[in-house]
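Trainee: Here is how the chains run, residue by residue.
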Amino acid sequence: MERNINRKRIDSATIISAAIVLCLYIAVFIAEQILPSTSMLFTVLKKGATYALVAVSMNLCNGFTGIFSLGQAGFMLIGAYVYGIFTIPVISRADVYQYYSGGLVQFTLPVFVAMLLAGLAAAFFAFLIGLPVLRLKSDYLAIATLGFAEIIRALFQWDKLGPVTNGSNMLRLFPTFNDFNIRGADGQVTVYLSTLVPLLISGVCIGAIILLINSTFGRALKAIRDDEIAAEAMGVRLASHKRLAFCISSFFAGVGGAMLAMYQTTVQAKSFTTAMTYEILLIVVIGGIGSVTGSCISSFLFVAASEWWLRFLDQKQMIGNFEVPLLRNGFRLVVFSIIIMIVVLFFRRGIMGTRELPDIIRGWQRKKKGGASK
Amino acid sequence: MSENVLHIDHLTMRFGGVVAVNDLSMDINRGEIVALIGPNGAGKTTAFNMVTGVYTPTEGKVVLAGQDVTGKRPDEITKLGVARTFQNIRLFSSMTVFENVLTAKHLRRTSNFLTATFRMNMAEERRMRAETEKLLREVDLYDLKDEMATSLPYGKQRLLEIARALATEPKLLLLDEPAAGMNPQETDDLGAFIKQIKDKFDLTVFLIEHHMNLVMGISDRIYVIDFGKQIAEGTPAQVQDNPAVIAAYLGVDEDEGQLSQADEEVRG
Amino acid sequence: MWNTVFPYILSGISVGGQYALIAIGYTMVYGILRLINFAHGDVFMVSGIIMVYMAASGAPLWLCIPLVLILTALIGFVIERVAYKPLRTAPRMSAMISAIGVSYTLQNLVLYITGGLNQIYPTIPWISDSVTLFGATTKVVTVVTPILTLILVVALVLLINHTKIGMAMRAVSRDFETSQLMGIKINSVISTTFVIGTFLAGVASLLYFTNYTTVIQTSGAMPGLKAFVAAVFGGIGSIPGAVIGAFIIGIAENIIKGLDIILFKAGIIPGPMGLATFSDAFTFALLIIILAVKPTGLFGEKTTDKV
Numbered sequence: 000m001e002r003n004i005n006r007k008r009i010d011s012a013t014i015i016s017a018a019i020v021l022c023l024y025i026a027v028f029i030a031e032q033i034l035p036s037t038s039m040l041f042t043v044l045k046k047g048a049t050y051a052l053v054a055v056s057m058n059l060c061n062g063f064t065g066i067f068s069l070g071q072a073g074f075m076l077i078g079a080y081v082y083g084i085f086t087i088p089v090i091s092r093a094d095v096y097q098y099y100s101g102g103l104v105q106f107t108l109p110v111f112v113a114m115l116l117a118g119l120a121a122a123f124f125a126f127l128i129g130l131p132v133l134r135l136k137s138d139y140l141a142i143a144t145l146g147f148a149e150i151i152r153a154l155f156q157w158d159k160l161g162p163v164t165n166g167s168n169m170l171r172l173f174p175t176f177n178d179f180n181i182r183g184a185d186g187q188v189t190v191y192l193s194t195l196v197p198l199l200i201s202g203v204c205i206g207a208i209i210l211l212i213n214s215t216f217g218r219a220l221k222a223i224r225d226d227e228i229a230a231e232a233m234g235v236r237l238a239s240h241k242r243l244a245f246c247i248s249s250f251f252a253g254v255g256g257a258m259l260a261m262y263q264t265t266v267q268a269k270s271f272t273t274a275m276t277y278e279i280l281l282i283v284v285i286g287g288i289g290s291v292t293g294s295c296i297s298s299f300l301f302v303a304a305s306e307w308w309l310r311f312l313d314q315k316q317m318i319g320n321f322e323v324p325l326l327r328n329g330f331r332l333v334v335f336s337i338i339i340m341i342v343v344l345f346f347r348r349g350i351m352g353t354r355e356l357p358d359i360i361r362g363w364q365r366k367k368k369g370g371a372s373k
Numbered sequence: 000m001s002e003n004v005l006h007i008d009h010l011t012m013r014f015g016g017v018v019a020v021n022d023l024s025m026d027i028n029r030g031e032i033v034a035l036i037g038p039n040g041a042g043k044t045t046a047f048n049m050v051t052g053v054y055t056p057t058e059g060k061v062v063l064a065g066q067d068v069t070g071k072r073p074d075e076i077t078k079l080g081v082a083r084t085f086q087n088i089r090l091f092s093s094m095t096v097f098e099n100v101l102t103a104k105h106l107r108r109t110s111n112f113l114t115a116t117f118r119m120n121m122a123e124e125r126r127m128r129a130e131t132e133k134l135l136r137e138v139d140l141y142d143l144k145d146e147m148a149t150s151l152p153y154g155k156q157r158l159l160e161i162a163r164a165l166a167t168e169p170k171l172l173l174l175d176e177p178a179a180g181m182n183p184q185e186t187d188d189l190g191a192f193i194k195q196i197k198d199k200f201d202l203t204v205f206l207i208e209h210h211m212n213l214v215m216g217i218s219d220r221i222y223v224i225d226f227g228k229q230i231a232e233g234t235p236a237q238v239q240d241n242p243a244v245i246a247a248y249l250g251v252d253e254d255e256g257q258l259s260q261a262d263e264e265v266r267g
Numbered sequence: 000m001w002n003t004v005f006p007y008i009l010s011g012i013s014v015g016g017q018y019a020l021i022a023i024g025y026t027m028v029y030g031i032l033r034l035i036n037f038a039h040g041d042v043f044m045v046s047g048i049i050m051v052y053m054a055a056s057g058a059p060l061w062l063c064i065p066l067v068l069i070l071t072a073l074i075g076f077v078i079e080r081v082a083y084k085p086l087r088t089a090p091r092m093s094a095m096i097s098a099i100g101v102s103y104t105l106q107n108l109v110l111y112i113t114g115g116l117n118q119i120y121p122t123i124p125w126i127s128d129s130v131t132l133f134g135a136t137t138k139v140v141t142v143v144t145p146i147l148t149l150i151l152v153v154a155l156v157l158l159i160n161h162t163k164i165g166m167a168m169r170a171v172s173r174d175f176e177t178s179q180l181m182g183i184k185i186n187s188v189i190s191t192t193f194v195i196g197t198f199l200a201g202v203a204s205l206l207y208f209t210n211y212t213t214v215i216q217t218s219g220a221m222p223g224l225k226a227f228v229a230a231v232f233g234g235i236g237s238i239p240g241a242v243i244g245a246f247i248i249g250i251a252e253n254i255i256k257g258l259d260i261i262l263f264k265a266g267i268i269p270g271p272m273g274l275a276t277f278s279d280a281f282t283f284a285l286l287i288i289i290l291a292v293k294p295t296g297l298f299g300e301k302t303t304d305k306v
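Those protein sequences? They're chains A, B and C, same order as listed. 0 is the number of the first residue of the first sequence in numbering that gives the first Met the number 0; add one for each residue after it. 0 is the number of the first residue of the second sequence in numbering that gives the first Met the number 0; add one for each residue after it. 0 is the number of the first residue of the third sequence in numbering that gives the first Met the number 0; add one for each residue after it.
Hints are computed from structural coordinates only; laboratory data are not their basis. This structure is a prediction, so every number in the text was calculated from the model and none was measured. Just so you know, even glycine gets a beta-carbon here, dropped at the ideal spot from N, CA and C. Treat each hint with caution, since some may be false.
[What the hints assert, rightly or not] A few chain C residues that face chain A, going by a derived Cβ cut-off under 8 Å, partial list only:
id, residue
1, Ser97
2, Ala167
3, Ala170
4, Ile261
5, Ala291
Looking at chain A on its own, in the form it has when it is part of the complex (with noise of 0.2 Å):
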C-alpha cells in the first residue's frame, strides 16, 4: 500500500473527493424535492447518516487510537437523553412526564444549542470514566468502558432521577428530523429537508474528525496505536491524548445519539443496549478499522441493508407456486450475521482497509497516467 502524505498542498484527489461529497448532498436535496417523502431511501438516509457518524466516532477510538472502547451505547444514551430533556416543548412537558408532574425542567433550548450540549455531556462523562478506565490494556478497557454503559443505562431508569430522565418511561414531542421542512403559511412543506439536515451535520461533525485525523494531534494517535512505548519515547503523553481521543469521539456518539432521538422520534433508556454497540462495531469492522470512508459507506450498506434491501427475507415469498423455503422473520438478521461473520474471518480489511476516498482515486489518477506513459 502506497500513500503520499507528504502533500503540503490540497491535491486533486482531494478536491475530486469533495466534489463528489458535494454532488451527493445535491443529489439528496434534489431527490428529497421530488421523490415521496415515505420513500424508503430517506429513511435508510436519515438513520445512515446517524449511523456514520457514531461509526466514525467509533472508528476514531478504536481505530485510529486503538482504544478498544465498548461504551459507544452509553454515550449515544447520554446525547439522546440530554437533546430530548432540553428540547421537549414547554407546553407538552405535563405531558411526557405525566408520572412525575411535568418534570423539573421547564424551559426549551434551540435544537443546535441542545445536540451541541449532548455531545458535551458525553464528553464530560467520558472524561470522569476515561481517568480510572484509560490505563487499562485492551481488552479490559473494553468490558470496563461496556460496563459503563450498563451503569448508565441503569442510571436514567431510576425513578428517583424520574422528574428529569422520566424514568423508564419513554421521553417524545421533541422536534425530530422533520421539523427541519420548511413550511408555508398554509401549513403545507415548501422545501423538503428532513434528509439533507441530518446529513449535513452528520457531515460536518465527520469533516471534523477527519480534519483532527490529519493533524499533527491525529498522527500522534496514530503512533499510540502503532506503538505505545514508541509513543511515549518520542514524547507523546499517553493519558492525555488517549482521553483527548476518548472524550473527542464521545462528544460525537454524543451528538449522534441526540441524531437517533430525532430520527426515532422517542427515546427510552433501555433500547441503548449492548447489541448496539455491537452492531456499530460490526459496521467498523466491515468498512474497515481505520477508515473513514469505510465507516461511512458500511454505516449506509448496513442500514440499507437492514431496512430496506433485505426486508424480503423476513416475509413469505413465492416463486411461482414454490415457496421459498427458510424465509420468514428473523431470517435477515442470519443472513446478516452469517455476511459479518465472513467478512471477520476472511476480508479481515473490510471493505476499505485503511483507505480513504482521496486515496482510492489517486490510485485511479496513477493508474491512469501509467497507461498514458505507455
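Using the hints provided, position chains B and C relative to the given structure of chain A.
Mentor: Chains B and C in isolation, oriented as in the chain A frame:
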C-alpha cells in the same frame, strides 16, 4: 570540569527476585560518546529503560543536567532532551518514513487540538514538515520518504529510528544496539554517522553495542557491566586491558571473538 | 432482620454458583488465548434452547440432560475451530471482534428459530421441587447449585493439577510459544479448554433456567457479562478466583435486588428507592473499581511488558 549531562546515582532495578541492575553509577559529560557494554542479559537495556523513564528504578536516582528525573514519565524525559532508539526496532508501522519523523515533531508543538484541528497552526505545520524534510536529507533517507517505514531494509530502519529520535531535538541521544543486524561496511558507516550527527546536532551520545569495532572506534569512555554490576570503566584502551572485562567475556564466544578482534585493530 | 435478608443471600449463593460455572469457561479461555470469549454467555443460552426443544420433542429427561451437555460442549468446540482458530496469529482485537460476531450470530439464530418468544424451560423433577430452609421457601436447585459447583470445581482443579492434559494447559497459559516449541499440541489443549468451559456452562444453564424457567435469545448476555466480571474480579486465569468472585457478585446483586425492602424494614429509608434498578449496574461498578484499584483482580498475577 565539563558540563554533566547525565548522572546515574546508585541505580538498582529488581523484578521480583531478579536483580537486573545492581547499584550502577555513571556520569556522562556534554559532547562525549559513552558506551555501555556487557554480555547478553547484563542489564544494559534495563539501565536505558530507567534513564528514559520506562521503568522506575527500585533504588537510586537519575539526574539530567542537575535535575532529578527519577520516576518521571518517558514523555517528560524526552521533553527534557533525551531521545532513544530501540534494540528491537519500534517504528510506527502504519506510517511512511516521512510521517514517522514528522510524528516525533509533535512534541515541540505550540498548538492545541482545537487550533490544530481547525488548521489555525499552519505556520507550525509547515515548520514541522520543513524540519522533517531537512532531517531526512541529512540522514540520507529523503528519497525513501514516501515508503512505508516497515518496508525499508533493516539498516535503513535503524537509521530512520535515529532520525526520528533526532526530530525530538535531544541533547542526549541513547542508542540501543544501533548496529545490530548490520554488515561490517554498514557498521563502519554508522560509526562515522554517529560522530557526524554528534557534532552537527551538538549531542551527547550514550550507546549500547555489541560490535566491538564500533564501540572501540567511536567511544570516549566505556562502562562495562556484568550481572547488573559495573565491572570496569575507562577509555577503550583501559577497558581492553582490564582483566575483569576479559574474564566476563570469556566463555561468551561471540563477544570474546569480537573483543580480541577489536584488540588487534586498536593496537595494530 | 435475618428473615428478610436470608432469602436474598440464599438465591445469591445459588446464582453465584451458576455464574461460577460460566466464569470458569471465561477464565480458562482467557488464561490460554488472552481472549474475552464474548460468545460464551450465548453458548450458555443456546444450551438452554437445546434443552427446550429436546424436551419438547418428547425425549425423556434422563436422556436429554446428558445429550444437552454433550451438544453444548460440541458447540464450544466448533466455535473455537471455526471462529477463533483461523485468527490465532491475527491481532488480539480481531479475535475479540470475531467473538462479538459469534455472539451476534448465535442470538440471531435463536431469534429466528424461536421467533423471539420466551421459551418455557422444562421442569426437571426433584431440583424443581420446593423446599423450606431456615424459614425461607425455595427450590431444591438453590441448595443443589453451590454443592454441585464446588464438586465440579474440585474435580476440575484435580484435573488441571494431576493429569497430563492439565499440565499442558498450565504450560500453555504460562507461555504459549515455548509450550508450542516443547511439542505440546496447542490445538488439542485449546479445544479441551473450550470443551470443558462450555460443558460447565451447559451445567450452569440447566441450573439457571430451572430457576428462571424461561429462555430467550438475550438470556445469555447478562449472565455471561456478569460471569466475566466475576472472572476479572477474582483475577483472570485463576479458577478459585473466578469462583469466589462469582459468589460475591451473585450475593451482592441479590441483596441489591432486595435492598429497598431490607432497608425499609430496617427503618433506614422511609419508602422504596427503586434501588433494584442497580442490581446489574452494581456488578459493573464493582468491575470498574477493581480494575482501577487492582487491575489483576484478587488472585491475578502481575505481568510486565518487555521493551
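Trainee: Are the hints correct? Go through all of them and say.
Mentor: Hints and how they fare:
no., hint, verdict
1, Ser97, "holds (5 Å)"
2, Ala167, "violated (24 Å)"
3, Ala170, "violated (22 Å)"
4, Ile261, "violated (17 Å)"
5, Ala291, "holds (4 Å)"
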